[in-house]
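Chemist: Protein sequences, first through last, are from chains G and F.
Residue 91 in our numbering sits at position 79 of the first sequence; the count goes up by one each step and never skips.
Residue 548 in our numbering sits at position 271 of the second sequence; the count goes up by one each step and never skips.
Keep in mind the hints are simulated off the structure, nothing from the lab.
Just so you know, not all the hints are guaranteed correct.
Unchecked claim - Dumping the calculated PhoX-like pairs for lysine-lysine here, alpha-carbon to alpha-carbon at most 25 Å:
{"no.": "1", "chain 1": "F", "residue 1": "K538", "chain 2": "G", "residue 2": "K79"}
{"no.": "2", "chain 1": "F", "residue 1": "K544", "chain 2": "G", "residue 2": "K155"}
{"no.": "3", "chain 1": "G", "residue 1": "K18", "chain 2": "G", "residue 2": "K155"}
{"no.": "4", "chain 1": "G", "residue 1": "K140", "chain 2": "G", "residue 2": "K18"}
{"no.": "5", "chain 1": "G", "residue 1": "K18", "chain 2": "G", "residue 2": "K105"}
{"no.": "6", "chain 1": "G", "residue 1": "K18", "chain 2": "G", "residue 2": "K157"}
{"no.": "7", "chain 1": "G", "residue 1": "K157", "chain 2": "F", "residue 2": "K338"}
{"no.": "8", "chain 1": "G", "residue 1": "K159", "chain 2": "F", "residue 2": "K338"}
{"no.": "9", "chain 1": "G", "residue 1": "K79", "chain 2": "G", "residue 2": "K105"}
{"no.": "10", "chain 1": "G", "residue 1": "K159", "chain 2": "G", "residue 2": "K148"}
{"no.": "11", "chain 1": "G", "residue 1": "K79", "chain 2": "G", "residue 2": "K157"}
{"no.": "12", "chain 1": "G", "residue 1": "K159", "chain 2": "G", "residue 2": "K140"}
Okay, here's what each chain looks like letter by letter:
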Amino acid sequence: MSYVTKSPWVIHYDGSSCNGCDIEVLACLTPMYDVERFGIINTGNPKHADVFLITGAVNEQNKGVVKQIYEQMPEPKVVVAIGICATSGGIFKECYNILGGTDTVIPVDVYVPGCAARPEAIIDGVVKGLGVLAEKRETMIAKIKIKEEA
Amino acid sequence: MINTILWVIAYLVLAPVIGGLLAGIDRVITARMQGRFGPPVLQPFYDVLKLTEKEAITVNKVQDFYVLCFFIFVVITGCFFFAGGDLLLVIFALTLASVFLIIAAFSSNSPYAQIGAERELLQMMAYEPMVLMTAVGFYMFTGSFRVSDILSFGTMPFLYMIGIFIGFLFILTIKFRKSPFDLSMSHHAHQELVKGLTTEFSGTTLALIEVAHWYENIFLLGFIFLFFANGTAIGTVLGLAVCLATYFLEVLIDNSFARMKWQFALKSSWIIAITVGFINLVVLRFMP
Chain G
13 MSYVTKSPWV
23 IHYDGSSCNG
33 CDIEVLACLT
43 PMYDVERFGI
53 INTGNPKHAD
63 VFLITGAVNE
73 QNKGVVKQIY
83 EQMPEPKVVV
93 AIGICATSGG
103 IFKECYNILG
113 GTDTVIPVDV
123 YVPGCAARPE
133 AIIDGVVKGL
143 GVLAEKRETM
153 IAKIKIKEEA
Chain F
278 MINTILWVIA
288 YLVLAPVIGG
298 LLAGIDRVIT
308 ARMQGRFGPP
318 VLQPFYDVLK
328 LTEKEAITVN
338 KVQDFYVLCF
348 FIFVVITGCF
358 FFAGGDLLLV
368 IFALTLASVF
378 LIIAAFSSNS
388 PYAQIGAERE
398 LLQMMAYEPM
408 VLMTAVGFYM
418 FTGSFRVSDI
428 LSFGTMPFLY
438 MIGIFIGFLF
448 ILTIKFRKSP
458 FDLSMSHHAH
468 QELVKGLTTE
478 FSGTTLALIE
488 VAHWYENIFL
498 LGFIFLFFAN
508 GTAIGTVLGL
518 AVCLATYFLE
528 VLIDNSFARM
538 KWQFALKSSW
548 IIAITVGFIN
558 LVVLRFMP
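One chain only, chain G, in its complex shape:
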C-alpha cells in the first residue's frame, strides 16, 4: 500500500490570481473545511510538498518561479490548477504579459475550474490528485526496478 495518499502535503502558489481562489485555498484549512482530516498540511517548502496548488494565470515574470517550485518538489508529485485562470488563463488570457494556463509552463494533473473555485471543489480536486499521486508512485517503483535490473 502506498502512504503518499495518506499524507499529502501541499504547497500553494499564487500566479497572477486576483486572490479569490487563493482565499478559497486557505479557507480549506480553516475549521469549517479542515483538510487536515485527510492529513493535508500546508507547507511553505517545495522540498516537503507532494501537491502543488497553483492559482491564477502564469505570466512572463513568474514563469521561472513556477518552473523552479515544480522542479524542487521530489517525486512523486501532482500539480492541481485551481480556478479558471490557472486552467486556461480565464479573463486574462488575451493580456499581453499572460502566457495562459499553468499547463503552458508545467504539466498539470488536475484542473479545478471556477471563479472563484469553491473550497468543496478544491478539496475534490486534491482528492482526485491523490489518485494520480498513487499512480505516479507505482510508475516510480517500476522505473527503479527497471534501473536495478539493467
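Model the placement of chain F on the given structure of chain G, informed by the hints.
Modeler: Using the frame of chain G, we list chain F on its own:
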C-alpha cells in the same frame, strides 16, 4: 545487567511508537483546541512512511551523513539514560547530537536553513544552562549523577527540587519545538523561515529527523519522570501522570502563544535558570 539491556531494547523499540502516538495525540488535541476535527491519531506514522517513499533530493551529499549522526546520537543519548547511566554523559551526547543537526543545516548553504541553524544554536545556548543545573541538582540531592542511583534513592526529588523542576519545564518548550520558542523549526505552517532548519531536507532524511524527535521527546519525558521516581508504585504512577500532564501543558502553551524573538527566548530562559534554578541549588547546598 540483563535488566539494563532490557531497558535499552525497550527504549529502542517502544520510544518511536510512543513518541509517534504522542505526536498524533498532540495533533488531534491541537485541532480540537482550534475547533477542528483533526487528523487520525496515526497521522505522524503515515507522514514518516510517506517521506520514506519519496525521491531523495540532497543539496550536499554530506548533509545526509550529518543527519544520520544526529539520529544515532539522539538514540544513544536515550540509551545511556534508560540504561541508568551518567546524567552528564547523557547531556553531552545530547549536545553532540544537536551540533550534528546544526552542521547538517549549515552544510546545505541555503539561507533559510542557515538562519534556522543559527537560531538552533541560540536555542541551545538558552536551554543548556538549565539542563546542566538539573543534572547538578540531582547530584546534590542524591550524591550521584547516575540515573540508576537517583531512581533507587528513596525520597522523591521533586519535593526538594521544585525550582529546578519549574526551570526544566520552561526549557522543555524549547526542546519540544513548541511556540513561543519554535524559532528554528516548527511543525506548524509559520512560513517566515520557510521551514527553518529542515528547509533543505526531504524524503528519508526528513523522516529520520522526525523519528529522532520522537526518541528525544520520550527521553525528555524520562527526565520529568526522574523528578518523581522514588522506587515505590505511587512514585511511578505519579511520575507517569505528570509526564502526560506536562505533554498536555506543552500542547496548550503551543496553542496559546505566538512565536517570540530569539532575544526573548535567551533572556527568559537564562533568567528562569538563574532565579528558580540557582536558588534551588543554593537551598540544596545548605540543606542538612
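Chemist: Evaluate each hint against the coordinates.
Modeler: Cross-check of the supplied hints:
Proposed proximity of K538 of chain F and K79 of chain G is contradicted: the alpha carbons are some 34 Å apart, above 25 Å. Note on K544 of chain F and K155 of chain G: the hinted pairing is violated, with a Cα-Cα distance of about 53 Å set against a maximum of 25 Å. For the given pair, K18 of chain G sits about 22 Å from K155 of chain G by alpha-carbon distance, which is consistent with the 25 Å threshold. Only pairs whose Cα atoms come within 25 Å are accepted, and K140 of chain G paired with K18 of chain G is accepted, the gap being roughly 13 Å.
At roughly 36 Å between alpha-carbon atoms, K18 of chain G and K105 of chain G are farther apart than 25 Å, so this suggested pair is violated. Taken as a hint, the K18 of chain G and K157 of chain G pair is honoured in the structure, with Cα atoms around 24 Å apart against an allowance of 25 Å. Proximity of K157 of chain G to K338 of chain F is assessed by CA-CA distance (about 23 Å); at most 25 Å being required, the pair is judged to hold. Using a Cα cut-off of 25 Å, the hinted pair K159 of chain G and K338 of chain F holds, with the two alpha carbons roughly 21 Å apart.
For the proposed pair K79 of chain G and K105 of chain G, the alpha carbon gap of about 20 Å is at most 25 Å, so the pair holds. With a CA separation close to 16 Å, the supplied pair K159 of chain G and K148 of chain G stays within the 25 Å bound. Our distance criterion of 25 Å between C-alpha atoms is broken by K79 of chain G and K157 of chain G, whose separation comes to about 28 Å. Pair hint K159 of chain G plus K140 of chain G does not hold up; C-alpha atoms about 29 Å apart against a cutoff of 25 Å.
Figure legend: structure checked against the earlier numbered hints; hints not met, in rising order: 1, 2, 5, 11 and 12.
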